[in-house]
Every structure is written in structure tokens, then in C-alpha cells.
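Asker: Below, each chain spelled out in residue letters.
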Amino acid sequence: DTGVSQNPRHKITKRGQNVTFRCDPISEHNRLYWYRQTLGQGPEFLTYFQNEAQLEKSRLLSDRFSAERPKGSFSTLEIQRTEQGDSAMYLCASSVHAGGRGTEAFFGQGTRLTVV
Amino acid sequence: GNSVTQMEGPVTLSEEAFLTINCTYTATGYPSLFWYVQYPGEGLQLLLKATKADDKGSNKGFEATYRKETTSFHLEKGSVQVSDSAVYFCALLYSTLTFGKGTMLLVSP
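Chains U and F supply the protein sequences, listed in that same order.
The first sequence begins at 8 in our numbering and counts up by one.
The second sequence begins at 15 in our numbering and counts up by one.
For the record, the hints were derived by calculation from the structure and aren't laboratory data.
Treat the hints with caution; some may be incorrect.
From the structure, some residues in chain F lie toward chain U, with a derived Cβ separation under 10 Å [claimed, not checked]:
1. V18
2. Y50
3. Q52
4. E56
5. Q59
6. K63
7. F103
8. A105
9. Y108
10. S109
11. F113
Straight-line Cα separation of at most 16 Å, EDC-like style, residue types lysine to aspartate or glutamate; simulated pairs [claimed, not checked]:
12. K74/F - E30/F
13. K115/F - E51/U
14. K66/F - E111/U
15. K82/F - D69/F
Just so you have them, the derived chain F footprint on chain U, three or more residues with Cβ under 8 Å [as the list claims (entries may be wrong)]:
16. 52–66
17. 115–122
Glycine residues also receive a C-beta, built at the ideal position from the N, C-alpha and C atoms.
Next comes chain U alone, as it looks inside the complex (with noise of 0.2 Å):
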């Protein structure tokens, strides 16, 4: 399967704890983005990469929250001291970006967080 790949699936953890989650994007998509999605609602930006830069990041993300493609490759998203308000799906997507314009973008399958 070469779509868009996220680790892992589930997550439960206890509030004030550490959480990691890992995207790989389709090969050779060159922009990659994090959303956050809760129930009834549409995904939410978080931030998007350029290759390895990231670009651009939601002024509503806590601090707590921190992403990294070092090598233009797979993603990290990390949230620090997790609180039950983060508590939702987290999404990845992939696209091709070049020349001022970009591409339909290709969803994986999301990682639900929860936070007891």
C-alpha cells in the first residue's frame, strides 16, 4: 500500500503524559499537513511542511504542540502534557506541490487520540 501511512492507529493517555505520533507521506509528495479533527466537526489545520520546512502553523495551536519532518520524508507530531480538551483524531495528508500550485491531497487514516 503506498498511501498515506499513520502510527499509531489508537492512543490512550493519561492527562500530563507525552504523546508521539508518526506520518508517512505518499513518496515524493513534497508537502505534508496535520489536522486535528473532534466529532461533528471538519478537520481543523494544525500545520503544513514544505520538504522539511514548515511553513506555516494555526495561531489557535497550543505550544504544547510541536511538528517535525526533518528530512522531508515522514512526519512527527508531538504534544506535550497532553489535557483531555486534545482529545480527538488526528489527520496527516500529502500532496504535490510545485510551481505555485498544488494538488488534491491524500488523507491517511488518522491516529484517535484519548486523554484520560
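Could you slot chain F onto chain U? The hints should help.
Answerer: Frame of chain U, contents of chain F only:
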């Protein structure tokens, strides 16, 4: 900033009925437009796209036309099936990919 507004759901239809889900957008430039679908318990899948004004995207009997003059990208299907029951998201791409809140479609036999 960029934003997408979709009609609120749920939209409840009988099988073979005509479907319209309204979507309007606000963007600082000329975005590409998409419809994504999310079936229960599954991830987001691209349904169709349009990259410039007057383009019509189509897939699986669904259609949407990029209307620059009305900044709209309404989703239509002539005859829905029970298997079309899902949540539909309208999205625009201009720098980042921005989604609407989604519209749930429920189709009964």
C-alpha cells in the same frame, strides 16, 4: 483569510432522490476546490476536484462546478443511493487546505 461555508445537515433523502449540498468560499486568490467524503469509521477520501473557474469535477455520479462569479462549488447527484450516506466536506486549496464543517447525508431505502 480563506474560509468555506457549507449548508448544515443532516440532509435526509430517500433513495433515488436528487441531492444538492451547497458550498461557498472566500479566498484571497484563485483557489482549487475539492469535495471530500468520509464514510462512517473511515478516513477522508477525495471525491472530486476543480482547479479553475467553470471547471466541472465529477466522480461516481457526483458533480460540482467551480463558479467564480458566485464563489460557489455546490455538490449534486441526480439519484442518491443508500451507500452514499456519509459526511461530505467542501475544501479549498490556496496556500493551505481549508475545510468546511461538513454536511451529513442520510439516505433511506
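Asker: Hint check: is the beta carbon of F103/F less than 10 Å from a beta carbon of chain U?
Answerer: holds (6 Å)
Asker: Does S109/F pass the interface check with chain U, least Cβ-Cβ distance below 10 Å?
Answerer: Holds - the Cβ of S109/F comes within 10 Å of chain U, reaching about 7 Å at its closest.
Asker: Do the numbers back the hint for K63/F, that is, is its least Cβ distance to chain U under 10 Å?
Answerer: Given a least distance of 5 Å, the restraint on K63/F holds.
Asker: Next item in the hint list is Y108/F. Is there a CB on chain U closer than 10 Å to its CB?
Answerer: holds (9 Å)
Asker: Once the shortest beta carbon distance from Q59/F to chain U is found, is it less than 10 Å?
Answerer: This hint holds: Q59/F lies near chain U, its Cβ roughly 7 Å from the closest one there, short of 10 Å.
Asker: Is the interface hint satisfied for Y50/F? The criterion is a beta-carbon contact with chain U at less than 10 Å.
Answerer: With a closest approach of 8 Å, the Y50/F hint holds.
Asker: Hint Q52/F vs chain U: min CB-CB distance below 10 Å?
Answerer: holds (9 Å)
Asker: Tell me if chain F covers the region 115–122 of chain U under the three-residue, 8 Å CB rule, please?
Answerer: n = 3 at 8 Å, threshold three: holds.
Asker: Keeping to a limit of 16 Å between CA atoms, is the pair of K74/F and E30/F held or broken?
Answerer: holds (14 Å)
Asker: Quickly compare the C-alpha distance for K82/F and D69/F to 16 Å and report which way the hint goes.
Answerer: This hinted pair holds, its Cα atoms lying about 10 Å apart.
Asker: Interface hint check: F113/F, Cβ to nearest Cβ on chain U, cutoff 10 Å. Holds or violated?
Answerer: With Cβ-Cβ at 4 Å, under 10 Å, it holds.
Asker: Need the status of pair K115/F, E51/U: alpha-carbon distance at most 16 Å?
Answerer: Roughly 9 Å between the alpha carbons, so the hint for K115/F and E51/U holds.
Comparing the model with each earlier hint shows no violations; every hint is respected.
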